[in-house]
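Chemist: Sequence:
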Amino acid sequence: TLDDCMPPEVDMIDVGQRISVMRRQEKTTYRVRDYLAESIQIRKLASKPVDEDCRVKMCEWCYQVVDFCKFSRETVGIGMSYLDRFLCTKKGLEALCNRKQYQLAAMTALYVAIKLHEPLEMETSLLADLSRGCYTEMEFVDMEQTMLEALNFRVNGPTPLGFVQHFMALMPPTVHPTVSGLVMDYARYR
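Heads up: the sequence shown is residues 3 to 192, going by the working numbering.
Not one of these hints is a red herring.
Okay, derived cross-link-like pairs now, DSS-like style, lysine-lysine, Cα gap no bigger than 27 Å in a straight line: (1) Lys46 x Lys93; (2) Lys92 x Lys102; (3) Lys46 x Lys102; (4) Lys46 x Lys59; (5) Lys102 x Lys59; (6) Lys102 x Lys50; (7) Lys117 x Lys72; (8) Lys72 x Lys59; (9) Lys117 x Lys59; (10) Lys92 x Lys59; (11) Lys117 x Lys102; (12) Lys92 x Lys117; (13) Lys29 x Lys92.
Here are the in silico distance ranges between beta carbons for each label pair: (14) Phe70 x Lys50: 24 to 30 Å; (15) Trp63 x Gln43: 25 to 31 Å; (16) Trp63 x Thr138: 15 to 21 Å; (17) Glu151 x Val23: 23 to 29 Å; (18) Phe70 x Ile42: 33 to 39 Å; (19) Glu120 x Asn154: 19 to 25 Å; (20) Gln43 x Ser182: 45 to 51 Å; (21) Arg156 x Leu95: 17 to 23 Å; (22) Met186 x Ile44: 39 to 45 Å; (23) Val143 x Tyr65: 23 to 29 Å.
Simulated from the structure, these hints should not be mistaken for lab results. Quick caveat, the model's predicted, so the values are computed rather than measured. C-beta atoms are modelled at their ideal positions from N, C-alpha and C, and glycine is treated no differently.
Using the sequences plus the hints, can you model the full thing?
Modeler: See below:
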């Protein structure tokens, strides 16, 4: 909830500075390019290149997993950030040309996000089961290492929900708590 991330007495200047830092991080360290548009020539050489539909399907799958496990939906956003930033690296380029590698990377990104941001860790054996035998536990371990190295172990960037929480802290106290709650719920589940 909003109360979990903001002190009871909000310093508007502090919140503004936090938002500014988050925006700067988004534009630099945690920047994501349009890797699908940039890699179109390389992906043309692949028999089944990754496209927007692939990303949508993997994102939906991630939401199904976190909903089933009763994890935070923000964890999906974090995992997709890992995936998107990984695909912007040289090491991630291979996954753009191979749907099987892409699926492994997407599943691993969610696994890492769960591992870092949820109270319970998901076992690699469960991931192997969820993949219906397409990937082994060791493939997930290897992909995790590859992704973390490609991301330079930068795994704590700003999230869309983090921005919303900070913006909500700037709302005037005259806004009814029900309205604030609805805005947060909408941001959390969209």
